[in-house]
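This is what each chain is made of:
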Amino acid sequence: MKLTGENIIEVENLVKRFGSFTAVDNISFQVRKGEVFGFLGANGAGKTTAIKMLIGLWSPTSGKANVAGFNLFTEAEQIRKNIGYMAQRFSLYEDLTVIENIQFYGGIYGLRKNILKERAEELISELGMESFRKELIKNIPLGWKQKLALSVAMIHKPKIVFLDEPTSGVDPITRRQFWDLIYNAAEKGTTVFVTTHYMDESEYCDRVSIMVDGRIEALDTPVQLKKQFNAESMDEVFLKLARPTEVSSKQ
Amino acid sequence: MNERVIATNITKSFRSTKALDDVSFSVNEGELFGFIGPDGAGKSTLFRILTTVMNADSGDALVDGFHLKDEIAIRSRVGYMPGKFSLYPDLSVQENLEFFAKVFGTTVQENYSIIKEIYVQLEPFKDRRAGKLSGGMKQKLALCCALIHKPRVLFLDEPTTGVDPVSRREFWEMLGRLKQSGLTILVSTPYMDEASRCDRVALIQKGKILDIDPPGVITKKFPLHVIAVKSDNMQKLRKDILKVEDAESVYGFGEFLHITMKKENSSTEKIESLLKQQGHQHIEVKIIEAGIEDCFMHLMEHNKN
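These protein sequence lines are chains A and W, in that order. In terms of our numbering, the first sequence opens at residue 886 and continues consecutively. In terms of our numbering, the second sequence opens at residue 260 and continues consecutively.
Looking at chain A on its own, in the form it has when it is part of the complex (with noise of 0.2 Å):
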């Protein structure tokens, strides 16, 4: 497989065993630099082993793939330097200030320390933290919380950011304006792939995969899933992909 250069993430029959278990069962997609990529499935189906994959944490069984322009077979390290990873959960240290854990994370990223003093005063006055800028992290809105961890995970400038979940059991006002972030993250050049449990929010992406037992079900754009699976929102076609039977039998 080539890289064409118009993908930033490009998966050929992508396969990963657990012993007589396939978590991810032969998937191949595109995503395009720049793109906000929703990346749905139920629980168990199989997204976060793709996704630990993707970032070179995890090596497949087998199959193709090409991250940020490199291989995931060959060159997992360099990957892991050209992508930002937020996990919902852990993503920033609670018991570091806002400027420790920028600093902590521009180091793990391996930013010169020069670079990283400048980039952490660029981050502070963009976000508007200046008054937060010795808070504990613990001490400080969750809104703001999430906005810091998504920034620090592209502290480095990767090509592309996974988010994993990142609006999990936000308020409703925090998690739209999370979503204004990822967009603008995407204006300028930064590929984003997300994963959520909130179908209105697969509606804000450019396109949308959903995995179903370890594969890709369905692939498009929200507008076209919805006409392919004759649906009047996204929640009914993610209703008709993962219980298809359920639908269909009512049993």
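Honestly, the hints are just simulated from the structure, not real lab data. Some hints here could point you the wrong way.
The calculated lysine-lysine pairs, modelled on DSSO-like cross-linking and capped at a C-alpha distance of 27 Å, are [stated by the list, open to error]:
id	chain 1	residue 1	chain 2	residue 2
1	A	Lys1030	W	Lys465
2	W	Lys343	W	Lys328
3	W	Lys397	A	Lys937
4	A	Lys1112	W	Lys489
5	A	Lys918	W	Lys498
6	A	Lys1073	W	Lys498
7	A	Lys918	A	Lys966
8	A	Lys937	A	Lys1019
9	A	Lys1073	W	Lys495
10	A	Lys1030	W	Lys467
11	W	Lys465	W	Lys277
12	W	Lys467	W	Lys489
13	A	Lys918	W	Lys495
14	W	Lys465	W	Lys502
15	A	Lys1023	W	Lys328
16	W	Lys479	W	Lys489
17	A	Lys1044	A	Lys1073
18	A	Lys1042	A	Lys1112
19	A	Lys1030	W	Lys343
20	W	Lys343	A	Lys937
21	A	Lys1023	A	Lys1042
22	A	Lys1030	W	Lys498
23	W	Lys465	A	Lys1073
24	W	Lys489	A	Lys1073
25	W	Lys489	A	Lys918
26	W	Lys498	W	Lys465
27	W	Lys498	A	Lys1111
28	A	Lys998	A	Lys1030
29	A	Lys1111	A	Lys966
30	A	Lys1112	W	Lys277
31	W	Lys479	W	Lys438
32	W	Lys467	W	Lys479
33	A	Lys1042	A	Lys1019
To give a feel for the contact side, a few chain W residues facing chain A, derived at Cβ under 10 Å [unchecked claim]:
id	residue
34	Ala300
35	Ser393
36	Glu417
37	Thr420
38	Tyr450
C-beta atoms are modelled at their ideal positions from N, C-alpha and C, and glycine is treated no differently.
Fit chain W to the known structure of chain A by using the hints.
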């Protein structure tokens, strides 16, 4: 009406943070009552206090007729499923269930009818260690363990958080059937769309109850018009919509934007012609009924001050 839970002026602080600020409400017998609010709203603290796992700083409650200080009486009358999985991971499914039955001085056989519908789905795995179950199965087991002593009031703390929409739906269908048996159920959730499954809900944010009513009443009370708007260019629409005069708020709602406006000011024609001027096509503008999420955001903004 027979009230199973009556909470009066419950307040609880953790250092400088007020987790619960003068919370009062009551839940009727056989009611499915939802606490809807984001993380940090105080839902878990409230449930811990009502199940006597934690003490309030001030205020009191009657739970099935007993004051909070009657810990032993209350504990035998309530079932509590905490947000975090808290069964014994090294015990099997069956052992967990037997353990919880024994602690409350009963047996699985005696109350099997209550859990039967849920437990049949677990039965094929009854010898598996609880820690090795899938998320959905763990949840079902936790529910069985919370029910096995035949409680009069069931507390479920965020049973559907992080759960996909289809499994969430199944869980609520299960709760609906449990309710049929007359059980009083208090459930908390951050998902606004789940409000419609409850008889009544309390919208809760930063330790304060913003409103309590049946979900249909809360949405009917919404004082503004909600206007749903979409066009062929949603990115541009997000910016152009800010030019609409008299808009109180603009928020994304799936494929639409929702604008709220005072009823006397709202005009779908005006919005439509403005968007046409801005070059939008396939414009859709319609006044719709407010949803719980519209209401929640409205209440949040009006409680800021």
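Which hints from the list above does the structure break, by number from lowest to highest?
-> Checked against the structure, the hints that fail are numbers 8, 12, 14, 15, 18, 23, 26, 29 and 30, while the rest are satisfied.
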